[in-house]
Amino acid sequence: MDVTLPLTILGLILLIHLTFVNINIGLGFYSVILRWRSLSDIEAAKPARKVFKFLVATEVVSGVYGTMITVVLAGFWPTLVNIATIILFIPLLVSITGIIVRLTSIAAYWYTWDKVDAKIHLAIGLVMAFSGLAIPAGFRYIFAFIDNPAGLTSLNPISGNTIEALMNPVYPPLLLHTFFGALSIGFLAASAGLAWSSKIDKTVERWSGCAGLLGGLMIIPQGLTGFWFWSVLSFYSPYLFASLNKPFLPLQNSLMDVSYFFLGMVLLSIVILVFGIAHYYQPYRRWTAYILVPLSIAALIFGEIAHDIGRLPYMVIVGEAGVPVEIFINRLIFIEPTLIISTVSAILFFTAIFITLLYLYLIKGILEEL
Amino acid sequence: MDLRGILDLSALGIYMHSITVAIVIGFSVTLTIIEFLGIVKRDHNYMKLAKQISLVIVIAFVYGAATGTLVEFGLVQVWNGVILGIGSFFFTPLFLELVAFTIEATLLVALLYTWDKFKNPWIHWMITITYTAGALFSGALITSVNSWMQAPWGTGEIVKTIYPWAPVYGPLLVNTDFLLSVKEALVSMKVSSTGSGATLINPTVLNTLTNSYDELLKDVWVSLTSPYALTSIIHQLLATTIVGVYWIAGALAYNGLRKKEKRENYLRLFKTIALVGSILLIVQGVEGHEQGLMVYIYQPTKFAMIAGLEKSGPYPAAGLTIFGDINYVFKGFDYLIQVSENHPNPDLKIGGVPVKEIALADTLKAFEKLPLVKTLYEVKIGLAAVSLLISLIIISSFVFKKFWRGREKILFYFGLAMFFIAPAMAGLGWAVREIGRKPWTVYGLLYPEELVTPNPIGIEVVLTIIGGLLLGLLMTFTTIYLVLKKPPRFLKMGEV
Chain A
465 MDVTLPLTIL GLILLIHLTF VNINIGLGFY SVILRWRSLS DIEAAKPARK VFKFLVATEV
525 VSGVYGTMIT VVLAGFWPTL VNIATIILFI PLLVSITGII VRLTSIAAYW YTWDKVDAKI
585 HLAIGLVMAF SGLAIPAGFR YIFAFIDNPA GLTSLNPISG NTIEALMNPV YPPLLLHTFF
645 GALSIGFLAA SAGLAWSSKI DKTVERWSGC AGLLGGLMII PQGLTGFWFW SVLSFYSPYL
705 FASLNKPFLP LQNSLMDVSY FFLGMVLLSI VILVFGIAHY YQPYRRWTAY ILVPLSIAAL
765 IFGEIAHDIG RLPYMVIVGE AGVPVEIFIN RLIFIEPTLI ISTVSAILFF TAIFITLLYL
825 YLIKGILEEL
Chain B
61 MDLRGILDLS ALGIYMHSIT VAIVIGFSVT LTIIEFLGIV KRDHNYMKLA KQISLVIVIA
121 FVYGAATGTL VEFGLVQVWN GVILGIGSFF FTPLFLELVA FTIEATLLVA LLYTWDKFKN
181 PWIHWMITIT YTAGALFSGA LITSVNSWMQ APWGTGEIVK TIYPWAPVYG PLLVNTDFLL
241 SVKEALVSMK VSSTGSGATL INPTVLNTLT NSYDELLKDV WVSLTSPYAL TSIIHQLLAT
301 TIVGVYWIAG ALAYNGLRKK EKRENYLRLF KTIALVGSIL LIVQGVEGHE QGLMVYIYQP
361 TKFAMIAGLE KSGPYPAAGL TIFGDINYVF KGFDYLIQVS ENHPNPDLKI GGVPVKEIAL
421 ADTLKAFEKL PLVKTLYEVK IGLAAVSLLI SLIIISSFVF KKFWRGREKI LFYFGLAMFF
481 IAPAMAGLGW AVREIGRKPW TVYGLLYPEE LVTPNPIGIE VVLTIIGGLL LGLLMTFTTI
541 YLVLKKPPRF LKMGEV
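Just so you know, the protein sequences line up as chains A and B, in that order. Residues 465 to 834, numbered by the working numbering, are exactly what the first sequence covers, in order. Residues 61 to 556, numbered by the working numbering, are exactly what the second sequence covers, in order.
To be clear, the hints were calculated from the coordinates, so they are not data collected in a lab. Here the structure is a predicted model, which means the values were calculated and not measured. Any given hint might turn out to be false.
Here are the simulated distance ranges between beta carbons [to be verified]:
| # | chain 1 | residue 1 | chain 2 | residue 2 | range |
| --- | --- | --- | --- | --- | --- |
| 1 | A | E628 | B | A71 | 31 to 37 angstroms |
| 2 | B | A71 | A | E507 | 49 to 55 angstroms |
| 3 | A | T626 | B | I342 | 51 to 57 angstroms |
| 4 | B | K425 | A | D721 | 57 to 63 angstroms |
| 5 | B | T268 | A | E628 | 24 to 30 angstroms |
| 6 | B | L534 | A | E628 | 35 to 41 angstroms |
| 7 | A | I741 | B | D103 | 56 to 62 angstroms |
| 8 | A | E628 | B | R318 | 56 to 62 angstroms |
| 9 | B | V522 | A | E628 | 21 to 27 angstroms |
| 10 | B | L534 | A | A582 | 18 to 24 angstroms |
| 11 | A | I584 | B | A71 | 30 to 36 angstroms |
| 12 | A | K666 | B | D103 | 42 to 48 angstroms |
Don't be surprised by glycine CBs; every beta carbon is placed ideally from N, CA and C.
Here chain A stands alone, though its shape is the one from the complex (with noise of 0.2 angstroms):
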């Protein structure tokens, strides 16, 4: 089976879920400051409880995106479900219990606004927003082990190390690389969400400037935990190593040349750094709020197609190669290209419908209110 569509598919799924989940975490931790400040500043109750609101309308895609992806991975890539669930057990236990954990908090924490003491708002605000950092700490194993299968020791029959698996030396620098990545996401979309608020209601326009400048400034973390990583994956991954770096580093083989993705994030992540510092010092230059939300959101995609496309032609990095994406594609049935077409065409024309939604929900029904 030609895999280019599969492919396509679950990068385009990848991209949309990732870009949701990023969103969410960040405005969780940035609503939960908010009430914190709350407490001693009134203020911050009102964009605290519109940055949620914000959380709450976007958190359905992301979650309606991540059972997707599970789907489409063990629909297209049967065996190598099996094998991820069968190494990462107890990884992929910590990702459900977050999800059961952030969902059902995140219903509490919007019904026990004001309805509950302000402090046990707050806990239950603390265990939503450090619940979802937890799912991503368990499915970022996922992409670790296919930079460096750690803990496989056989493929027929499958079988490895599950404690192994957990000491991947990729996984630490990826997993605080997304968890910053994440944070900047957010508390610049928190920013340009109050930026848009502040034209009627002023008294939000000091937050909107703070989430950006701590939009801003996770960058650094970010990009110390990205070097990181880079630097692990020349140990670990050099196949994919190679792939980010193949003009400047011409002798180490790759097939790939994502280097143009990876430097676009970098300069990406320097102008982010430069405008969220910018915004916190005139946070009544929106123009910055907004344009920064994209800019973070072009960043992840550019990071994560050069982390993604940086493996290709192979699903798993051993050394300096790896296991061809073809190997684990599924053979079991033909499937037929239309039925899948029509059924993402059919996923997408209803996430449209979404958008536009949440767009008349956030905008004219929460951001503008008065």
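Chain A is fixed; fit chain B onto it per the hints.
Using the frame of chain A, we list chain B on its own:
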């Protein structure tokens, strides 16, 4: 934890998930009807109830998504072997399920936030009915996946080759050599105790098989075209809807009994919803016959279990409805064991084990479940008879209005009873469906031990799953309570 414990844990997960499924599906059907009546009658109370129902659906949907994720991961993580099915027999329904899920998720948000936003209220109702269609579509697709495991449609005579009492499961749409090779490897692994069969779902094995035999499945729509699936979809959706409808009716009955001053209003709403539930129950009674017929045709061991047929003999209820003869003699376990002993292919072996031995051992394992399944089924049928009686009583309140004047409290008590009876019936029905297909996970083809993860399931996993489910359930009901007590202002519901 042993296999028994893992099966129990999975059952717990599915049952807890089904609570939210009943709310999401049953409440959405009720919401569609109530909103329709509210618009037609221009009745504020109907609209207020519709808004309340939509709020509960949103909360249940969130929790349902969480527990659904748990069930989904349970499938791919604890029952890894099922991945083989996801890549073949379940591919189409699960892909379509993504569309249904997207429709549900997007329209649910639209539904909640567009109350009173349109000048023409029918526009909102169109969102509601489309959402409901999405929820029912989703339920239908998942039921079709379960149904394939009950009756593996498209496998032709393959099951019959191993179990001589088995029927033919439709036209042969699978690659027999491929499937038997997989079965051969699984049985060999089981016999030699070298580990879980799930570890064989790897690129080396599957690519070797596809290189040798080509694709496993020729028709990707197979799980949606099976007669067993079509009947099950109607049966399961009706059962789920009935539970949801009676939960709303029960809540209204409780309020009607508690709040004397608003009793008239609650009675009106209760009677409308209870009427819907009663009609659905009667329809389910008719449909139950079709489901029973499917079990009789496609699951001989399960039929013998529910009919309590240790020995062949009459089962009057089925004899009358299927053949019009209460004395019709159905085949019991004595017959199933006998034909296994006199296997038509005594020399055939799978994984070095004679099929005769496999057939006999598995038929005896199924026989062991007879007392349990029979008891569960009889209790279920008993409850169904009681609920049918209650349904007729509720319907009578619309016909004999004078008789019921002053006796409304009795109707409320019946509503409260149905609040518990309806889920008990559905739960027992599901237990019969699931336990009745044992000792197989895929009837006649695959055992649970061939699909389970090779990883040990420790106490930490059990605690995580049970803890997560309980925490989620607790938070869900707390949130529902809080939200119904003080609804969001944007819904403009006023005093509740």
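Kindly confirm whether 21 to 27 angstroms is satisfied by the beta carbon distance between V522 of chain B and E628 of chain A. Roughly 24 angstroms apart at Cβ, these two residues keep to the hinted range, so it holds.
Please test the hint of 42 to 48 angstroms on the beta carbon pair from K666 of chain A and D103 of chain B. holds, 44 angstroms
Go ahead and decide if the range 51 to 57 angstroms is satisfied by the Cβ distance of T626 of chain A to I342 of chain B. The hint (51 to 57 angstroms, Cβ to Cβ) holds, given that T626 of chain A and I342 of chain B are roughly 53 angstroms apart.
Please test the hint of 56 to 62 angstroms on the beta carbon pair from I741 of chain A and D103 of chain B. holds, 57 angstroms
Is it true that A71 of chain B and E507 of chain A lie within 49 to 55 angstroms of each other by Cβ? holds, 51 angstroms
Please test the hint of 35 to 41 angstroms on the beta carbon pair from L534 of chain B and E628 of chain A. About 37 angstroms separates the Cβ atoms of L534 of chain B and E628 of chain A, which means 35 to 41 angstroms holds.
Between T268 of chain B and E628 of chain A, is the Cβ distance one that fits in 24 to 30 angstroms? Check passed, 28 angstroms falls within 24 to 30 angstroms.
Return holds or violated for the Cβ distance of K425 of chain B and D721 of chain A against the range 57 to 63 angstroms. holds, 59 angstroms
Does the hinted range 31 to 37 angstroms hold for E628 of chain A and A71 of chain B at CB? holds, 33 angstroms
Honestly, do I584 of chain A and A71 of chain B meet the 30 to 36 angstroms range at C-beta? Once the Cβ atoms are compared, 35 angstroms apart, the range 30 to 36 angstroms for A71 of chain B and I584 of chain A holds.
How does the Cβ-Cβ distance of L534 of chain B and A582 of chain A compare with 18 to 24 angstroms: does it lie in that range? holds, 22 angstroms
At the C-beta level, are E628 of chain A and R318 of chain B separated by a distance inside 56 to 62 angstroms? holds, 60 angstroms
Checked against the numbered hints above, the structure breaks none of them.
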